[in-house]
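What follows is the residue order along each chain.
Number of protein chains: 2
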Amino acid sequence: MNIKLPKKTILTGDRPTGQLHLGHYVGSLRTRIALQDKYDVFILIADMQALTDNARTPEVVSSNIMEIACDYIAAGIEAKRTHIVVQSMVPELAELYMYLSNLVGVGRLERNPTVKAEIQLKGMTDHIPAGFFMYPISQVADIVGFGADLVPVGDDQAPMLELTNDIVQTFGGLYGTNVLKPVEGLYSKVGRLPTPDGKAKMSKSLGGALALDATEKQIKSFVNSLYPGMNGRRIDEPGLIDGNVILTYLDAFDPDVEGLENIKQRYIEGGIGDGDIKNRLLPCLLELIAPIREKRTELKKDLGYVKQCVYQGTQVGRERVGKILDKVKTSIGINHSDYIFKEYITR
Amino acid sequence: MNIKLPKKTILTGDRPTGQLHLGHYVGSLRTRIALQDKYDVFILIADMQALTDNARTPEVVSSNIMEIACDYIAAGIEAKRTHIVVQSMVPELAELYMYLSNLVGVGRLERNPTVKAEIQLKGMTDHIPAGFFMYPISQVADIVGFGADLVPVGDDQAPMLELTNDIVQTFGGLYGTNVLKPVEGLYSKVGRLPTPDGKAKMSKSLGGALALDATEKQIKSFVNSLYPGMNGRRIDEPGLIDGNVILTYLDAFDPDVEGLENIKQRYIEGGIGDGDIKNRLLPCLLELIAPIREKRTELKKDLGYVKQCVYQGTQVGRERVGKILDKVKTSIGINHSDYIFKEYITR
Chain U
19 MNIKLPKKTI
29 LTGDRPTGQL
39 HLGHYVGSLR
49 TRIALQDKYD
59 VFILIADMQA
69 LTDNARTPEV
79 VSSNIMEIAC
89 DYIAAGIEAK
99 RTHIVVQSMV
109 PELAELYMYL
119 SNLVGVGRLE
129 RNPTVKAEIQ
139 LKGMTDHIPA
149 GFFMYPISQV
159 ADIVGFGADL
169 VPVGDDQAPM
179 LELTNDIVQT
189 FGGLYGTNVL
199 KPVEGLYSKV
209 GRLPTPDGKA
219 KMSKSLGGAL
229 ALDATEKQIK
239 SFVNSLYPGM
249 NGRRIDEPGL
259 IDGNVILTYL
269 DAFDPDVEGL
279 ENIKQRYIEG
289 GIGDGDIKNR
299 LLPCLLELIA
309 PIREKRTELK
319 KDLGYVKQCV
329 YQGTQVGRER
339 VGKILDKVKT
349 SIGINHSDYI
359 FKEYITR
Chain B
19 MNIKLPKKTI
29 LTGDRPTGQL
39 HLGHYVGSLR
49 TRIALQDKYD
59 VFILIADMQA
69 LTDNARTPEV
79 VSSNIMEIAC
89 DYIAAGIEAK
99 RTHIVVQSMV
109 PELAELYMYL
119 SNLVGVGRLE
129 RNPTVKAEIQ
139 LKGMTDHIPA
149 GFFMYPISQV
159 ADIVGFGADL
169 VPVGDDQAPM
179 LELTNDIVQT
189 FGGLYGTNVL
199 KPVEGLYSKV
209 GRLPTPDGKA
219 KMSKSLGGAL
229 ALDATEKQIK
239 SFVNSLYPGM
249 NGRRIDEPGL
259 IDGNVILTYL
269 DAFDPDVEGL
279 ENIKQRYIEG
289 GIGDGDIKNR
299 LLPCLLELIA
309 PIREKRTELK
319 KDLGYVKQCV
329 YQGTQVGRER
339 VGKILDKVKT
349 SIGINHSDYI
359 FKEYITR
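Those protein sequences? They're chains U and B, same order as listed.
Residue numbers for the first sequence follow the working numbering, beginning at 19 and rising by one.
Residue numbers for the second sequence follow the working numbering, beginning at 19 and rising by one.
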């Protein structure tokens with residue numbers, strides 16, 4: 019007998035502060051595309067969260083919402099299966115955040131690694147926006163608000179899951195309910211891609227990132243700039259694996275795993291040049307990016323389709339969060355519309 | 019030529035953590051009743067704010083919402099002129115709070131006197147709920163969200179107005195708009211009433227408060243318990259004014275100001291006993307409280323009328339805040355419903 023279990027829910031998302039790049043593709047987008055068959059996936063375009071440290075340049079946030087939506091769809095996110103949701107259009111998340119923020123001590127936020135790093139960087143807490151200080155709770159509201167079972171994360175995001183599950187436990191204990199579900203991390207096997215010089219991880223704020231709509235010329239120039247771990251090696255000298263950015267990219271993008279292992283072996287022994295492995299990488303990236311770039315260009319010509327996908331996804335998300343918020347308020351005993359004022363509400 | 023200016027808006031409110039008492043009557047309620055002719059008054063039942071440090075006992079908050087509404091109406095707040103609003107039923111305030119919290123530094127909150135006192139009291143920031151730490155910003159969201167011109171305050175609330183006006187200025191400067199209005203304090207001439215022993219100010223959490231529906235017996239016993247500034251004075255000895263709780267109450271409640279001055283003079287000179295001035299105070303309180311108690315008992319028999327008043331007031335408040343939030347989001351450039359997704363919105 020086959021019993022069809024309901025699909026588990028996955029919440030994932032990005033802060034819309036720039037176009038997505040190759041690092042996003044490897045680190046998360048590729049996984050999301052693979053997950054959308056088996057799971058109920060919500061992707062949150064976290065504009066409220068992005069504003070917590072971009073309040074002085076809100077146009078950075080607002081102008082990137084549709085850009086990032088185009089990236090998603092061009093890369094293979096299908097709106098029929100994945101709900102793309104704009105965070106600020108789900109005001110229920112703001113309410114939920116307020117209720118949850120009463121269950122977390124200030125000390126816990128002060129110890130949050132990201133917030134702590136920011137405080138050290140800026141020196142004075144005066145320069146840390148209160149909204150930014152609180153963003154870990156807002157993330158928790160997102161996770162539990164969508165009823166996520168799983169959240170794809172990197173190793174550095176373990177504190178987020180811990181905070182979520184602590185809040186879930188506190189909430190359940192205080193109000194005697196399992197409305198809020200504990201969450202599990204879906205840890206990525208692939209680490210973050212390095213920048214071409216190998217000195218940092220690819221990020222939106224730093225340079226050295228290859229956009230998902232890069233031209234052939236940009237891709238070629240990018241591949242050429244990748245650092246092979248040492249300079250001035252003669253072909254017959256042994257090549258390096260550690261710190262070799264070209265090989266790291268081949269690991270991430272070469273679909274021919276066996277062939278790649280073979281090449282690597284010969285590279286270490288000497289006899290294969292850096293140009294040879296760059297020539298192996300180039301077509302991998304060209305073939306990966308070309309259809310994304312073409313689809314993205316097509317989508318951008320008339321944003322109607324992307325808008326429709328995002329708008330509909332947001333409606334689905336809003337309904338989901340609304341139902342959970344409703345139960346949360348009932349559990350706290352603060353759902354006055356349903357109690358004190360029941361006779362006045364027409365639904 | 020008479021030009022009719024629009025009425026100025028006043029925002030005031032209470033945390034619903036207990037019934038109102040005589041201290042509230044003197045300190046704020048009496049003023050609000052007088053103001054409702056000249057101003058557009060919103061009274062906020064601040065249940066979200068009360069939850070910031072009552073999350074573990076939410077029933078304290080939820081059970082007092084209608085109690086406090088009954089107090090208002092029984093004391094003379096007229097729903098036709100004053101809008102009684104339940105904070106948690108205006109979710110737009112939560113959104114506004116999130117946007118504003120990006121404009122305030124964490125250091126500023128750490129220096130807030132109330133928060134600072136709480137941190138000293140509790141020792142560890144771990145025991146300060148993050149929501150409580152943030153409540154000053156939530157208050158600002160309330161004030162600017164209702165578009166208040168004036169806020170009745172005590173001297174200790176000056177930091178709240180300062181924070182409000184700083185945020186208003188930052189917001190206006192950053193986003194080039196005067197959507198958010200600066201606010202002025204309406205400082206109360208009357209200080210807070212002392213407890214009967216004169217050792218503290220009347221508050222909801224301490225004992226020694228006389229409820230607005232106190233019985234005759236309770237009022238008599240309360241008046242009897244008031245401390246005259248010294249014990250064991252003979253009638254012909256001079257009486258004290260300083261620290262004399264009976265006289266403080268007479269100052270607050272005796273409508274015959276001239277007669278009272280006369281009595282005070284004779285009291286200082288000696289010749290009038292403490293019982294005499296208590297006997298003067300008793301009818302003042304009996305006459306003040308009797309109609310409030312009777313009306314309150316009537317209202318509580320069938321809460322329908324009170325519910326209707328509060329529900330309608332909340333709708334008016336919600337509409338008001340919604341319009342301002344809309345402009346706030348447009349100013350930030352995050353009103354996606356009006357821009358990106360305009361064609362999908364049916365209003």
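Read the hints as simulated data drawn from the structure, not as lab findings.
There's no promise every hint is true.
The list treats identical chains as interchangeable, and a pair is accepted whether it falls inside one copy or across any two copies.
What the hints assert, rightly or not - Calculated pairs, SDA-like style, for lysine to any residue (alpha carbon to alpha carbon, straight line, at most 20 Å):
#, residue 1, residue 2
1, 313, 96
2, 345, 188
3, 235, 300
4, 360, 306
Taking the hints in turn, this is what the structure says about them:
When the C-alpha separation of residue 313 and residue 96 is checked against a cutoff of 20 Å, the pair qualifies only within one copy, where the shortest distance is 13 Å, while the shortest distance between copies is 62 Å. Proximity of residue 345 and residue 188 under a CA criterion of 20 Å is satisfied intra-copy only: 16 Å inside one chain copy versus 37 Å between copies. In this assembly of identical chains, residue 235 and residue 300 lie within 20 Å of each other by CA distance solely inside one copy; the values are 11 Å within and 92 Å between copies. In this assembly of identical chains, the alpha carbons of residue 360 and residue 306 never lie at most 20 Å apart, being 56 Å within a copy and 34 Å across copies at closest.
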